[in-house]
Amino acid sequence: SQQGEEDPQALSIQEGENATMNCSYKTSINNLQWYRQNSGRGLVHLILIRSNEREKHSGRLRVTLDTSKKSSSLLITASRAADTASYFCATVGGYNKLIFGAGTRLAVHP
Amino acid sequence: DVKVTQSSRYLVKRTGEKVFLECVQDMDHENMFWYRQDPGLGLRLIYFSYDVKMKEKGDIPEGYSVSREKKERFSLILESASTNQTSMYLCASREAGGRSNYEQYFGPGTRLTVT
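So the protein sequences, as listed, match chains F and R. Going by this note's numbering, the letters in the first sequence line up with residues 1 to 110, in that order. Going by this note's numbering, the letters in the second sequence line up with residues 1 to 115, in that order.
Keep in mind that a hint or two might mislead.
[Said to hold, decoys possible] Quick list of simulated restraints, FRET-style, between CB atoms:
hint, chain 1, residue 1, chain 2, residue 2, range
1, R, 113, F, 66, 40 to 46 Å
2, R, 3, F, 22, 41 to 47 Å
3, F, 66, R, 72, 37 to 43 Å
4, F, 26, R, 67, 32 to 38 Å
5, F, 78, R, 67, 18 to 24 Å
These aren't lab readings, by the way, just hints derived from the structure by calculation. Here the structure is a predicted model, which is why all the values come from computation and not from measurement. Heads up, the beta-carbon is just placed ideally off N, CA and C, and yes, glycines get one too.
One chain only, chain R, in its complex shape (with noise of 0.2 Å):
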C-alpha cells in the first residue's frame, strides 16, 4: 500500500514563525501535491510538483513556497506564518505519466494553528 506521512498532526505556531511542513511518500511517485482544506471551502491546492526540483503554482500560492530537493519529500514552508495560514494542511503523490487516471494518495494530515 502506498504510504504518504507528515511530520506532525497538530502544530502550533505564532505569527512571524518560519514554519516548515514536510511530507514523504514511499511509492517513488513523481508527481506530490500540497493541499489546504477550510470549512466550506473544500480543498485548494497551493503548489504541485511533477519531479525533483520542479515546482508549479496552485491555486493559492501567496505567502508560501515549496522544496523537492529529493523524489520522496515535499516540503511546504510559511516564509512568515499568518493568522490566517491557520488550517488543515494535506500532502498527496499520484503516478505521473501525462495521464489522468491516477488517484491521488494522501497524507493524515497537519492542523495548524497560528496564534
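Excised from the complex, chain F in its bound form (with noise of 0.2 Å):
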C-alpha cells in the first residue's frame, strides 16, 4: 500500500524556475526520504530528513517536514532542464521497508 503520495503528479515549468513537490503520509515516521529517477532509469536518493528536524538543504534542494500535518515538500530552486525527471517521497514502513508514493513529474523546459 501506499504510504507517502505526492502532489501535484506532474509539474512544467521553464529553466530557472523554483518547483515544489508535496508529499503526504498516514502513519508515524523515523524519517522521511526523496528520491529521482530519470527516464527508464533506476531511483537515485537525494535527501533524507528525520523525523525530528523540519528542514534541510541539499545544494539547491530544500526539504521540509512537518510531521504534525504528516507533509514534507522538496523544492528545487533555479530549475535546470537537467531536473528533468520524476520525484518520489518514501517513508519506512515495517521491517524497514520504503514506502513510496506515485511520483510527480517534473518537466523543466530551456
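Assemble the dimeric complex from its two separately framed chains, guided by the hints.
Structure representation (C-alpha cells):
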C-alpha cells in the first residue's frame, strides 16, 4: 500500500523557476526520503530528513517536514533542464521497508 | 560509490516462460529488495532479503520467488510469466543494522515485456 502520496502528479516549468513538490503520508515516521528517477532508469537518493528535523538543505534542494500535518515538501531552486525527472518520497514501514508514493513528474523546459 | 547492477535492461519473454532477473551489488550490503514499478502505482515491494538465504514477502509476492545464495546476488524468478507481469523491475540494496536511517541504492532497472 502506498504511504506517501505526491502532489502534483505532474509539473511543468521553465528553466530558472523554482519547483515545489509535496508529499503526504499516513503513519508516524522515523525519517522521510526523497528520490529522483530519470526516465527509464533506477532511483537515486536525494535527501533524507529525520522526524526531529524541520528543514534540510542540499545544494539547490530544500526539504521541509511537518510531522503534525504528516507532510513534506521538496523545493528545487533555479531549476535546470537536467532536473527533468520523476521525484518520489518514501517512508519506512515495517521491517525497514521503504514505501513509495506514485511520484511527481517534473518537466523543466529550456 | 555503491554499484547495483541488473542483468538486463530490456527483456521480452513469452507467457508461461520461467524468467530470471539477476541483481548484484558490490558494497557488501546485507539487505536487498525487488520492486516493480507501474504507471500511477509507484514502486511496490515484491520480496526482500535481510541476509544470505533469508527472504521475506513484500506487498505483492504472488507469482514471484527469490533466491539469495550469495550476499552480493539477489535473484527474482517469475515461475510462469504472465502478461500482467509486464513491468519495470528495480533491485535495491542497503546497509543493515536495524535502523531505518539508511538510503537504498537502486539498479538501473529491467523493463520486462511478457507477450
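Notebook entry, point to check: Where does the structure disagree with the numbered hints, that is, which hint numbers, in rising order?
Noted result: 2, 5
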